[in-house]
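So the chains spell out like this:
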Amino acid sequence: MIGFLLLIVLIGLTIGGRQKVTWPERFIKDAVGFVQQIVYRPAGAVAGFFQDIANLKEVYKENEELRKLAAAYARDKVEYNFVKSENERLKEELEFKQHQKEMNDYKYMIAQVISVNNDANNRTININLGSKHGVEKDMAVVTSDGLVGLVKSVSPFTASITPYTELSATTTTFNAISATVMGKESDSFGILSDYNTEQERILMTKIGENDPMAEGDVVITSGLGNIYPRGLRVGEIESLKVGDFGLTYVATVKPFVDLNKLTEVFVVSAPQQQNNEIEETES
Amino acid sequence: MSMNRIVLLMLAIFVLEGSLVPWLIPSSYSDRIFSHFIFVIVIFSALYGSRYQALFLGMSFGLLQDIIYYGHVIGPHFFFMGLLGYLVGIILERKKTTLLLAISVVGFACLAYDSALYFVYYIFKITNATYPWSLIHYILPSLFLQLAFTLCAYVPLRKMFEKRMKNADSSDEI
Numbered sequence: 001m002i003g004f005l006l007l008i009v010l011i012g013l014t015i016g017g018r019q020k021v022t023w024p025e026r027f028i029k030d031a032v033g034f035v036q037q038i039v040y041r042p043a044g045a046v047a048g049f050f051q052d053i054a055n056l057k058e059v060y061k062e063n064e065e066l067r068k069l070a071a072a073y074a075r076d077k078v079e080y081n082f083v084k085s086e087n088e089r090l091k092e093e094l095e096f097k098q099h100q101k102e103m104n105d106y107k108y109m110i111a112q113v114i115s116v117n118n119d120a121n122n123r124t125i126n127i128n129l130g131s132k133h134g135v136e137k138d139m140a141v142v143t144s145d146g147l148v149g150l151v152k153s154v155s156p157f158t159a160s161i162t163p164y165t166e167l168s169a170t171t172t173t174f175n176a177i178s179a180t181v182m183g184k185e186s187d188s189f190g191i192l193s194d195y196n197t198e199q200e201r202i203l204m205t206k207i208g209e210n211d212p213m214a215e216g217d218v219v220i221t222s223g224l225g226n227i228y229p230r231g232l233r234v235g236e237i238e239s240l241k242v243g244d245f246g247l248t249y250v251a252t253v254k255p256f257v258d259l260n261k262l263t264e265v266f267v268v269s270a271p272q273q274q275n276n277e278i279e280e281t282e283s
Numbered sequence: 284m285s286m287n288r289i290v291l292l293m294l295a296i297f298v299l300e301g302s303l304v305p306w307l308i309p310s311s312y313s314d315r316i317f318s319h320f321i322f323v324i325v326i327f328s329a330l331y332g333s334r335y336q337a338l339f340l341g342m343s344f345g346l347l348q349d350i351i352y353y354g355h356v357i358g359p360h361f362f363f364m365g366l367l368g369y370l371v372g373i374i375l376e377r378k379k380t381t382l383l384l385a386i387s388v389v390g391f392a393c394l395a396y397d398s399a400l401y402f403v404y405y406i407f408k409i410t411n412a413t414y415p416w417s418l419i420h421y422i423l424p425s426l427f428l429q430l431a432f433t434l435c436a437y438v439p440l441r442k443m444f445e446k447r448m449k450n451a452d453s454s455d456e457i
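Residue numbers (the numbering used here), protein chains in the order written: chain A, 1 to 283; chain B, 284 to 457.
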């Protein structure tokens, strides 16, 4: 009975959005993380080797496709450079402040996965970067395919990621992410608020009635809360239907990233607003 | 085998469980099969050791898991690993447990463990899956992995805990 009360108290204390974890937790996490890192990477390398052999046949085809893609990128790059320089010139003329200019200048930190949880309802992933490397709570984590999740807790040398499978509108343990679709960034808006475990799809809610998004569109983060970076690919809209109350639409989003057997991820850090700069402008 | 060695071995298995085992499970099943080797060892310590030992091991390794993979809450693993180890200990501590009985006990304990975890997460609205779906989707497939592990590790684990109990008994008599 006392044990049961203890369980309830522990859960109650730890369920909310705790800003920081206590030092014994940090210490234990770092100690175990250090050892696990030694095992996970070689295991991944060996598994990857066999995977490579299995994929050998498809490499040729993939190479051809990649070549086409590279050519397309080269064309786009020229366009991009023009637009970028133009944009910079306009910003200069409009007298943007330094932090406004740097607002979307994200830094990508590469991190190795060191372990994954064996609990079906809490698929936490640990990585080998921590607060000593500049990782902070609520930073977004991506792979080259798209969004993986958000940093949940940080210790000096490791960090825990809560993947998108833990998105839930009913708990306080995961924040919702504002999103839009690629190509219609300024017209579309939705909130990635829930994950349907049974269908393995992310649910995007609060989509406006006249929203131009359609099935097959690529969902990206909008960065509108200024907490999560903008422009991270999340998934593809699979179906779009009227929500529970008939006022807004709900979309099911098929995520791009497969959470199984991740090896490398990127932690995206948004530039912090510099305090000294604000003081400068005030004085 | 001394207690230190048992704890050290379990720590090693704990580390491998998070880092090596995910690589051994085929991609298509990696969200369906989850290993609970530490829990199986806790059940063994209840069967062939003592119930207090199982309670201690279960609680400490459950807490370790809760802390290292802190995602939503701290507590469920800590509580249920200890509790189930203790309950199994009360029922079957130091009876003559055969292989078949051990396997069935481990099987039922794993079912109870996964179900208990599911209901804790369900009550706190962390998961929105239904119980029948969870049962089919991951609880039963994982059960097979645990049973296979039990079969493989039965002899060494049993020896380990029985030796430890014998040592403890003889030192008590002295």
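Worth flagging that the hints you see were computed from the coordinates, not collected in a lab.
Predicted, not measured: the structure shown is a model, and the values here were computed from it.
Every residue, glycine too, gets a C-beta built ideally from N, C-alpha and C.
Do not rely on the hints blindly, as some may be mistaken.
Ranges between beta-carbon positions, derived for each pair [unchecked claim]:
hint, chain 1, residue 1, chain 2, residue 2, range
1, B, 405, A, 208, 47 to 57 Å
2, B, 343, A, 77, 50 to 60 Å
3, B, 288, A, 53, 51 to 61 Å
4, A, 72, B, 435, 24 to 34 Å
5, A, 131, B, 343, 25 to 35 Å
6, A, 239, B, 343, 26 to 36 Å
7, B, 294, A, 131, 54 to 64 Å
Item to check | residue 53/A and residue 288/B - C-beta distance against the hinted 51 to 61 Å | outcome: violated, 39 Å
Next on the checklist: Quick check on a hinted range of 47 to 57 Å for residue 405/B and residue 208/A, using CB atoms only.
Outcome noted: violated, 32 Å
Checklist entry - Honestly, do residue 239/A and residue 343/B meet the 26 to 36 Å range at C-beta? => result Once the Cβ atoms are compared, 47 Å apart, the range 26 to 36 Å for residue 343/B and residue 239/A is violated.
Checklist entry - Okay, residue 72/A versus residue 435/B on CB: inside 24 to 34 Å? => result Check failed, 52 Å falls outside 24 to 34 Å.
Checklist entry - Between residue 131/A and residue 343/B, is the Cβ distance one that fits in 25 to 35 Å? => result Since the Cβ atoms of residue 131/A and residue 343/B sit about 26 Å apart, the hinted range of 25 to 35 Å holds.
Next on the checklist: Against the range 54 to 64 Å, how does the distance between the Cβ atoms of residue 294/B and residue 131/A compare: consistent or not?
Outcome noted: violated, 25 Å
Next on the checklist: Is 50 to 60 Å respected by the C-beta to C-beta distance linking residue 343/B and residue 77/A?
Outcome noted: holds, 56 Å
Violated hints for the displayed structure, listed by number in ascending order: 1, 3, 4, 6 and 7.
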